[in-house]
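Novice: Sequence:
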Amino acid sequence: MQKIRKAVIPAAGLGTRFLPATKAMAKEMMPVMDKPVIQFIVEEVVKSGIEEILIITGRNKRSIEDHFDANYELEENLIAKQKEDLLAMVQETTLANVQFKRQHYPNGLGDAIYQAKSFVGDEPFLLTLGDNIMGSDVPASKQVIQIAEEHNATAILTQEVDSEAAKYYGIVEEVEALKDHVFKINGLVEKPTDYRANPKAICGRYVLTPDIFDAIEKVGRNPHSGEVELTDALNLLAKTQPVLSAHYEGNWYEVGEPLGLVKASIQYALAHPEVKKEFKAYLKDQVIPALKRGEES
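Numbering (my numbering), first residue to last: 1 to 297.
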């Protein structure tokens, strides 16, 4: 397999779970502490060796493009006030090679990925979903890239979840172990309502080949959702070529829903050098006693 140089980040969703906050703001710009969700993802893929990034956007997503563009007035203001740390932080967002393309109609994840066909060309590429923040020593994207390159195959990063939680995820059907924590799969199930023990949920990190675009064309719209589903295209590919499941080692925050965003914010606040001391004291003095009082009442 060729070296993985390109990444595609779909960020065209409407963000209805965060209304009214997302009525006029991209959900990918929701902050986790002092950094928007999309920046965490871009930083992850850059650390994983990616050289070119395409973000698929939609209506009301202009703020994402602005975030990764230079802001001359702000930079001049920070220079005048000698705020060098903040200046460096602002300028970091312009260092990645980020391009944008709009998905004109919300036709599903498969259609969003199809918008990247000309950008990808004949190269394998990394796909990172815009509503998952991953925390691990080895970046999540790098983990799945290593497996894909080693086995010369499409690869999907997965993590085991409770059987009761399987209905909220895409689940892979593993059939053959290739090595520790790497399995060949024979298909995927989207949000099953009744599932066996030890389901492996898709974490939103994939390495795909250009074959995915032909598969997307062939499957068309899903008759149930009415959208073009990536799951359907991957199921089609799995019939004719290896598709692998690689176990993810690390924390996984589903920031596309409110509780996940809160959890991520708490975890990053506990590690943030400017607020962690005061935040821990607040939790100890205010939150934990309130929880204990609630348990006792």
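Certain hints may be false.
Said to hold, decoys possible - Simulated crosslink set (DSS-like; lysine-lysine; CA at most 25 Å straight-line): (1) Lys277 with Lys83; (2) Lys23 with Lys263; (3) Lys35 with Lys3; (4) Lys218 with Lys239; (5) Lys292 with Lys277; (6) Lys184 with Lys101; (7) Lys218 with Lys117; (8) Lys81 with Lys47; (9) Lys142 with Lys117; (10) Lys23 with Lys35; (11) Lys263 with Lys218; (12) Lys263 with Lys167.
If you're looking for bench data, these hints aren't it; they were derived computationally from the structure. Note that this is a predicted model, so its numbers are computed, not measured.
Novice: Compare the structure with each hint and give your call.
Specialist: Consistency of the hints with the structure:
no.: 1; hint: Lys277 with Lys83; verdict: holds, 23 Å
no.: 2; hint: Lys23 with Lys263; verdict: holds, 23 Å
no.: 3; hint: Lys35 with Lys3; verdict: violated, 30 Å
no.: 4; hint: Lys218 with Lys239; verdict: holds, 13 Å
no.: 5; hint: Lys292 with Lys277; verdict: holds, 22 Å
no.: 6; hint: Lys184 with Lys101; verdict: violated, 33 Å
no.: 7; hint: Lys218 with Lys117; verdict: holds, 15 Å
no.: 8; hint: Lys81 with Lys47; verdict: violated, 31 Å
no.: 9; hint: Lys142 with Lys117; verdict: holds, 22 Å
no.: 10; hint: Lys23 with Lys35; verdict: holds, 20 Å
no.: 11; hint: Lys263 with Lys218; verdict: violated, 39 Å
no.: 12; hint: Lys263 with Lys167; verdict: holds, 20 Å
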